[in-house]
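Participant: Please take these sequences and the hints and turn them into a complete structure.
Chains as they are written, first to last, in my numbering: chain A, 17 to 666; chain B, 2 to 344.
Worth double-checking, as some hints may not be accurate.
[Unchecked claim] Below are the EDC-like pairs computed for lysine to aspartate or glutamate, each with C-alpha atoms no more than 20 Å apart in a straight line:
| # | chain 1 | residue 1 | chain 2 | residue 2 |
| --- | --- | --- | --- | --- |
| 1 | A | 532 | B | 336 |
| 2 | B | 104 | A | 620 |
| 3 | A | 524 | B | 336 |
| 4 | A | 649 | B | 249 |
| 5 | A | 615 | B | 336 |
For the record, the hints were derived by calculation from the structure and aren't laboratory data.
Here is how the chains run, residue by residue.
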Amino acid sequence: MTKKRTGVFVCHCGTNIAATVDVSRLAKEMAGEETVAFSRDYVYMCSDPGQNSVIEAIKENNLDSVVVTCCSPNLHEKTFRDNAARAGISGFTCEIANIREQCSWVHKNRDEATAKAIKISRSAVRRVARNQSLEPIAVPVTRRVMVIGGGIAGIQASLDIANAGLEVVLVEKLATIGGHMLQLSETFPTLDCSQCILSPKMVEVSRHPKITLMTYSEVQEVSGAVGNFRVKILQKPTYVDPEACKLCDECTVVCPVVVPNEHDLGLTSRRAIHIPFAQAIPASYTLDEDSCLGLNPIRCGKCKDVCEAGAINYDMLPKTVVEDVGAIVVATGFDLYPQEKILEYGAGNVEDVLDGLQFERLCSASGATKGHVLRPSDQKEPKDVVFIQCVGSRDPAQHCAYCSKICCMYTAKHARLYKHHVPDGRAYVFYIDIRSGGKGYEEFVQRAMEEDETVYLRGRVSKLYRKDGKVRVLGTDTLTGENVEIDADMVVLALAMQPSKGTEEAAKVLKIGRDKDGFLAEAHPKLKPVESVTGGIYLAGCAQGPKDIPETVSQASAAAAKVIGLLSSDTLNHAPTVARVRRSHCTGCEMCVTACPYKAIRLENGKAVVNEVLCEGCGSCSATCLRAAIEVKNVTQLQVFDMIEACLTV
Amino acid sequence: MINIQDIRDTARDLLAKGEVRAVIGWRAGSRGMPAEPVVITAPEQADELVWDPTCYHNLALHLVEDRKFLAHARKTAGAPIGIIAKGCDARAIVVLMQENYFKREDVYIIGVSCEGSGMIAEWKVARQLDGAVPTAAAFAGDEFAFATAAGEKRLPAREVMADRCLECRNPFPKEHNVALGEDKTGRALEAPFAALARFETRSEGERWEFWQRQFDRCIRCFACRSVCPMCYCEECVVDSINIAVAPETTAEEKANRIRWIERSAVKSENITYHMTRAIHLAGRCVDCGECERVCPVNIPLRLLNNKMEREARERFGYEPGASIGGPSLVASFRDDDPGAFIR
Numbered sequence: 017m018t019k020k021r022t023g024v025f026v027c028h029c030g031t032n033i034a035a036t037v038d039v040s041r042l043a044k045e046m047a048g049e050e051t052v053a054f055s056r057d058y059v060y061m062c063s064d065p066g067q068n069s070v071i072e073a074i075k076e077n078n079l080d081s082v083v084v085t086c087c088s089p090n091l092h093e094k095t096f097r098d099n100a101a102r103a104g105i106s107g108f109t110c111e112i113a114n115i116r117e118q119c120s121w122v123h124k125n126r127d128e129a130t131a132k133a134i135k136i137s138r139s140a141v142r143r144v145a146r147n148q149s150l151e152p153i154a155v156p157v158t159r160r161v162m163v164i165g166g167g168i169a170g171i172q173a174s175l176d177i178a179n180a181g182l183e184v185v186l187v188e189k190l191a192t193i194g195g196h197m198l199q200l201s202e203t204f205p206t207l208d209c210s211q212c213i214l215s216p217k218m219v220e221v222s223r224h225p226k227i228t229l230m231t232y233s234e235v236q237e238v239s240g241a242v243g244n245f246r247v248k249i250l251q252k253p254t255y256v257d258p259e260a261c262k263l264c265d266e267c268t269v270v271c272p273v274v275v276p277n278e279h280d281l282g283l284t285s286r287r288a289i290h291i292p293f294a295q296a297i298p299a300s301y302t303l304d305e306d307s308c309l310g311l312n313p314i315r316c317g318k319c320k321d322v323c324e325a326g327a328i329n330y331d332m333l334p335k336t337v338v339e340d341v342g343a344i345v346v347a348t349g350f351d352l353y354p355q356e357k358i359l360e361y362g363a364g365n366v367e368d369v370l371d372g373l374q375f376e377r378l379c380s381a382s383g384a385t386k387g388h389v390l391r392p393s394d395q396k397e398p399k400d401v402v403f404i405q406c407v408g409s410r411d412p413a414q415h416c417a418y419c420s421k422i423c424c425m426y427t428a429k430h431a432r433l434y435k436h437h438v439p440d441g442r443a444y445v446f447y448i449d450i451r452s453g454g455k456g457y458e459e460f461v462q463r464a465m466e467e468d469e470t471v472y473l474r475g476r477v478s479k480l481y482r483k484d485g486k487v488r489v490l491g492t493d494t495l496t497g498e499n500v501e502i503d504a505d506m507v508v509l510a511l512a513m514q515p516s517k518g519t520e521e522a523a524k525v526l527k528i529g530r531d532k533d534g535f536l537a538e539a540h541p542k543l544k545p546v547e548s549v550t551g552g553i554y555l556a557g558c559a560q561g562p563k564d565i566p567e568t569v570s571q572a573s574a575a576a577a578k579v580i581g582l583l584s585s586d587t588l589n590h591a592p593t594v595a596r597v598r599r600s601h602c603t604g605c606e607m608c609v610t611a612c613p614y615k616a617i618r619l620e621n622g623k624a625v626v627n628e629v630l631c632e633g634c635g636s637c638s639a640t641c642l643r644a645a646i647e648v649k650n651v652t653q654l655q656v657f658d659m660i661e662a663c664l665t666v
Numbered sequence: 002m003i004n005i006q007d008i009r010d011t012a013r014d015l016l017a018k019g020e021v022r023a024v025i026g027w028r029a030g031s032r033g034m035p036a037e038p039v040v041i042t043a044p045e046q047a048d049e050l051v052w053d054p055t056c057y058h059n060l061a062l063h064l065v066e067d068r069k070f071l072a073h074a075r076k077t078a079g080a081p082i083g084i085i086a087k088g089c090d091a092r093a094i095v096v097l098m099q100e101n102y103f104k105r106e107d108v109y110i111i112g113v114s115c116e117g118s119g120m121i122a123e124w125k126v127a128r129q130l131d132g133a134v135p136t137a138a139a140f141a142g143d144e145f146a147f148a149t150a151a152g153e154k155r156l157p158a159r160e161v162m163a164d165r166c167l168e169c170r171n172p173f174p175k176e177h178n179v180a181l182g183e184d185k186t187g188r189a190l191e192a193p194f195a196a197l198a199r200f201e202t203r204s205e206g207e208r209w210e211f212w213q214r215q216f217d218r219c220i221r222c223f224a225c226r227s228v229c230p231m232c233y234c235e236e237c238v239v240d241s242i243n244i245a246v247a248p249e250t251t252a253e254e255k256a257n258r259i260r261w262i263e264r265s266a267v268k269s270e271n272i273t274y275h276m277t278r279a280i281h282l283a284g285r286c287v288d289c290g291e292c293e294r295v296c297p298v299n300i301p302l303r304l305l306n307n308k309m310e311r312e313a314r315e316r317f318g319y320e321p322g323a324s325i326g327g328p329s330l331v332a333s334f335r336d337d338d339p340g341a342f343i344r
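Facilitator: In structure tokens:
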């Protein structure tokens with residue numbers, strides 16, 4: 017084998033690296049390595065002159081491999097691999113030695129940090145000496161998209177993608193699309209009717225020739241990888257044929273089962289057979305099999321008897337549908353933090369203590385009280401209403417550490433809506449501080465205080481309980497230092513947002529990461545906010561973190577733009593750093609087959625075989641194999657061995 | 002209690018009908034006891050078979066050898082091979098099948114129950130017999146009967162049984178084609194992992210010191226590896242000298258053998274060898290205890306393997322050798338797997 021000619025490029029990253037690591041000494045040390053033919057340091061290697069100098073050095077010195085010692089490969093691996101390719105050598109002969117995140121940023125002592133940077137860089141040099149010149153694998157892509165979740169985020173993403181000409185499959189767990197936004201009465205900061213702005217979009221989804229809508233459906237299994245996912249969806253039976261149903265509503269009249277209506281958060285009731293609300297999309301009834309007496313004409317059968325259209329079919333079965341798509345947008349949304357967990361506010365057992373969404377339903381013209389604010393216990397107009405912010409949020413000791421972001425704004429909105437409904441009523445808001453960043457937001461809160469005369473009390477409520485037909489609220493006004501006692505007719509809790517149950521399930525099925533609070537993790541908090549850590553899977557809306565409607569819509573459109581970009585050509589380049597089987601060592605024990613998260617390995621004639629298109633090069637197989645019979649190209653046993661040896665050499 | 006004639010009849014019958022091509026079992030050793038493994042291929046050899054408290058060898062090892070022999074000779078198996086299996090042997094067979102090393106239909110398992118007792122530990126017998134040399138051992142209810150020059154000596158089974166058998170909860174081969182003896186699954190004469198629990202009363206420093214001393218004595222004879230049915234790899238990570246060379250092995254691979262562990266028997270390399278072996282046995286070791294029994298310098302290797310087994314049981318509810326179709330410990334991941342051990 018002819019001797020390798022590796023070039024080492026040491027970046028100062030301004031002072032990010034150079035302040036802690038002696039970069040010129042590092043460059044000199046690397047020049048002394050056996051396989052290194054060229055070594056230099058430069059202030060910003062990722063700048064245009066820096067990059068050009070890499071390309072020139074490769075050409076002039078006839079280099080066959082490159083090590084750039086700089087920041088995390090997450091940031092500039094692609095940059096420098098592209099440079100290597102531009103200089104005429106394989107991009108996969110370029111490796112990054114991370115001496116910033118893993119060295120200069122975490123150490124203070126210059127000598128020790130320099131010694132460590134030398135080891136990190138030397139191990140990369142030894143590794144790259146055995147790198148193969150690989151070329152990317154071109155993979156044909158499926159130019160279809162799946163959007164999971166039919167709230168405003170999913171609706172917006174679906175429409176944007178479909179309008180760009182790509183086919184979209186929109187999967188929604190519930191019987192209708194619309195999500196939480198449909199439960200809202202008005203929206204801040206303009207107080208326009210939520211349903212009025214959302215339902216046209218819902219109709220557009222249902223009529224769009226490029227969108228296939230699958231409601232009452234759940235994603236069960238996802239295999240494949242970016243460009244070529246295969247998704248198994250379970251379509252639950254609604255027992256009503258939407259084509260035949262004439263929406264006459266006769267069935268709900270005769271249905272004997274009365275259960276709380278989820279759409280109104282239990283403030284009203286519905287029958288076992290029901291339509292979630294008049295504008296539901298698809299416009300059809302659903303027979304909820306959990307509450308139905310038994311889908312059996314002998315037990316009940318009243319709805320089937322009365323249905324003249326013959327739309328009801330008790331024998332409808334769940335259906336599994338398989339869809340092939342190239343990209344997936346996850347928009348599975350949020351749930352409210354459960355009131356049961358707020359013990360100090362009665363754990364949901366104190367009458368006339370509502371959560372924010374219930375209050376929205378009280379204000380909504382389509383809600384329980386037809387838009388009149390009446391308290392649930394006696395249907396009387398409440399005259400003193402207390403709104404409590406940050407319930408469950410910003411409370412690392414007991415509940416969620418994070419700020420739910422939208423509560424300041426919707427509480428101001430609630431107070432204003434209440435005052436518009438009950439002009440002689442008194443609204444009190446307990447707050448920690450007011451976070452009203454956003455266009456027109458601060459003005460909105462000011463109007464709640466000034467025009468609508470809401471009393472803002474800076475402090476927390478320690479306790480509330482039922483007393484003499486009212487709710488006694490004990491709190492503190494920290495600005496005056498006085499304790500406050502209010503006998504309220506009604507209390508509204510601004511409960512924290514948490515990732516929805518569906519978000520949790522989606523994360524499991526899609527095998528995408530979640531952050532410490534359970535929201536879906538983005539690939540980079542600043543630069544890749546709509547990408548998940550898995551290629552081809554994008555995030556939109558509150559599944560990724562608390563956000564309001566404008567932000568959700570922006571993020572959904574951003575995710576759509578990413579999807580459209582990804583699927584803009586017929587093939588995708590797949591990294592060639594995939595697993596390779598050493599057949600002589602393989603005993604066919606199948607452990608790698610089980611361990612592979614991408615289902616990329618199968619057994620053929622008793623030996624493991626890798627599907628290179630599905631393989632993401634994660635190395636799970638290699639770590640599991642007891643006999644080193646499978647390893648990832650350019651991260652071979654030999655390379656790892658050399659790297660460890662380089663680190664242990666003093 | 003199992004009548005030896007039943008075992009012999011079963012084996013004879015299977016061979017006579019051609020249902021198996023051989024039966025792996027035990028026969029009397031050259032000096033009577035202990036028994037030794039035997040492969041019989043003709044019905045008339047069935048009378049050689051014995052079943053006594055010295056049948057401690059894990060016969061699954063010979064299934065591995067059979068498969069290797071067939072593979073090297075490029076032969077197909079034909080009829081299945083019969084094997085007489087104790088609880089631990091059967092568990093080992095299950096793990097091997099779980100790893101696709103051979104198929105269920107390739108093996109005919111004649112299960113034998115250890116019932117109320119198990120196998121002897123020879124050093125315990127020697128201590129009790131006070132110099133007398135036994136020439137035969139037999140099950141006798143709660144006792145073992147030993148034939149010596151001075152006549153029969155009976156010893157309480159619990160006094161002379163191997164630790165592994167005292168702690169065994171599964172002295173019955175769950176996986177079998179035919180089983181002889183009573184199913185006493187769940188019995189353990191001593192608490193499971195009792196020896197390990199006793200060892201762990203020592204401080205961390207004492208334990209480390211203990212293991213350093215033990216591994217310093219290891220002569221790297223590899224008896225533990227040779228006797229282990231799970232150590233069936235063609236090339237073991239510790240000796241790159243035996244690198245499996247196949248037509249597709251590249252010149253570079255041949256030139257660049259990795260020496261993760263040096264072959265010389267020095268403490269640091271010995272420690273790495275034993276640690277690697279213990280980790281490679283996690284979720285696979287069925288606690289047959291053979292490695293510890295064969296160690297010529299008496300390193301208590303069961304402690305290492307037991308530790309891994311107990312961790313797997315307590316943290317993941319995993320029992321090696323429980324079912325052929327079940328997931329293997331290291332390759333399976335569940336969302337609710339505890340992560341407390343990641344620090």
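Participant: So which of those numbered hints doesn't the model satisfy?
Facilitator: The structure conflicts with no hint, since it agrees with every one listed earlier.
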